[in-house]
Every structure is written in C-alpha cells, then in structure tokens.
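Enquirer: Sequence:
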Amino acid sequence: MRVYAIGDIHGQLEKLREVHALIAADRAAAGDTGGEVVHVGDLVDRGPDSRGVIAYLIDGIAAGEPWVVLKGNHDRMFEGFMSDPDYHDPGLRADLYWTHPRLGGDTTLASYDVPGAGERMLFDLHDDAIRSVPEAHRAFIRSLPVMYRAPGVALVHAGIRPGAALEDQTENDLLWIRQGFLDDPSDHGALIVHGHTPVDTVTHYGNRLNIDTGAGYGRALSAVVIEDGAVWQLTPAGRVPVVPA
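For reference, each letter of the sequence shown is one residue, going 1 to 245 in my numbering.
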C-alpha cells in the first residue's frame with residue numbers, strides 16, 4: 001500500500017509543480033506508477049495563483065492522474081462567498097471575513113482579476129467574481145470530498161474529533177478542528193494525515209502526521225509517501241524517513 005500526500009497549497013502553483021515532480025521521481029525510483037496522490041486541502045488564499053492551482057488540478061485529473069483533492073476550510077470559504085457575499089463560515093471568528101488580508105481571500109479574487117477586496121462593497125466584489133470565476137472551478141470546489149481513507153490511514157484537512165468514529169465525523173471538525181485533536185495522544189484507529197495548522201517541518205506524532213509546513217506563509221510545500229505503515233518525506237535527494245517524535 002502506497003499513498004502520497006501533499007500539504008496545504010494556498011495558491012502556490014510553482015511549489016505544487018515542484019512536489020509533483022518529486023512524486024514522479026519517487027515513482028520512477030520505485031519502478032511503477034502506483035499510489036494515489038492526496039492533496040489535503042486549502043488550495044486557495046494567501047498565495048499568488050489560486051486560479052492556477054485549481055486549473056492545474058482540474059487538468060491533471062481530467063488527464064487521468066490518480067489525484068484526490070480534499071476540501072479545506074479556505075476552499076469552503078471561497079465556495080461560500082461565491083454562493084452568497086454575506087456568507088460567514090461557521091468555523092470562522094465573528095470578527096473576521098474571507099476577503100480580509102489575514103485570510104487571503106483577497107489574493108484568490110485577484111488571481112481571477114477581481115481586485116479591490118477590502119476596499120469595495122462585498123456585493124460589488126461578488127458580482128465581478130461571478131463573472132470572472134469559471135463555473136468549472138466553482139463546481140470543482142463544491143465537489144471536493146472531506147476525507148480519504150486507505151488501509152491504516154485517514155487523510156483529512158484539519159483533523160478529527162477524538163472518540164467519534166471516522167464515518168461519524170462532521171465536516172466542520174474535519175475542516176477546522178484544532179483544540180481537542182492536536183493535544184490528544186490517543187490511538188484513532190488509523191494514522192490521521194492532516195494539515196491546517198502550520199509546523200516548521202513534517203511532524204509525526206504517532207497517532208497523526210502533520211504535513212502543513214506553511215506554504216501559505218511563503219514557506220515550504222511538503223509531500224510525503226506512506227508505504228506499509230512507514231512515512232518518508234520526499235526531497236530532491238530522495239526519501240527521508242519521518243519517524244514518530
């Protein structure tokens with residue numbers, strides 16, 4: 001069993017291309033093309049080319065690449081805004097909104113040639129976004145699943161609610177959870193592979209694996225391969241073991 005996983009992308013198209021090249025090199029070294037590639041969400045916001053990231057993923061899947069793309073909280077906020085400019089995600093603090101520079105919705109809209117977030121009325125932004133964001137991109141975001149399971153692993157965006165069966169997890173938890181999950185050392189019945197909470201390096205906690213290394217803040221985008229229960233980070237020099245801390 002082999003699964004590849006890529007952390008939070010946040011509009012970093014060139015970094016996404018680079019980690020896909022690492023995956024291709026790992027497959028070549030293994031002598032086969034096996035293994036799904038799971039992107040753990042947050043395709044958009046903060047980085048310079050959210051539009052390019054979505055187009056790249058749509059095109060790759062259409063070409064037959066074995067890619068799975070999960071929904072992150074930022075993707076759901078983008079989806080929500082496109083449906084209703086007054087949308088406020090239930091996981092978001094009341095004093096924040098998706099187009100705020102802290103969250104990065106302004107950069108996502110700019111990548112679709114919709115400038116002025118933070119300066120213009122939301123309804124005006126929304127009108128321009130409806131004209132500028134391709135329906136195929138909106139449909140893609142709407143269609144994203146929130147979990148991918150393989151033997152011994154479950155991949156999600158943010159984490160899971162400890163004590164609840166994987167099939168009973170709520171979307172809000174899978175996209176937003178931190179407290180109650182990050183500090184829980186219990187066995188979840190599978191290795192939980194997630195992003196959402198940036199760390200300096202890919203970190204294995206025994207019961208979970210955090211692969212968000214801060215691409216949304218200009219840091220690295222990381223890719224790992226999980227094979228027969230072992231984890232390696234992919235680098236230009238090849239596989240580097242990631243062992244429980």
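None of these hints come from the bench; they were simulated from the model.
As the structure is a computational prediction, the values presented were derived from the model and not from experiment.
It is possible that part of the hints are untrue.
[Unchecked claim] Pair ranges (Cβ atoms, derived):
1. VAL199 - ALA237: 27 to 33 Å
2. ASP113 - ALA139: 26 to 32 Å
3. ASP95 - ARG2: 41 to 47 Å
4. ASP95 - ALA21: 38 to 44 Å
5. PRO244 - ARG120: 47 to 53 Å
6. ARG2 - LEU166: 18 to 24 Å
7. ARG2 - ASP127: 30 to 36 Å
8. ALA30 - ASP127: 15 to 21 Å
9. ALA136 - ASP95: 30 to 36 Å
10. THR170 - TYR217: 46 to 52 Å
11. ARG178 - ARG131: 32 to 38 Å
Heads up, the beta-carbon is just placed ideally off N, CA and C, and yes, glycines get one too.
Enquirer: Of the hints given before, which are not true for this structure?
Expert: 1, 2, 7, 8, 10
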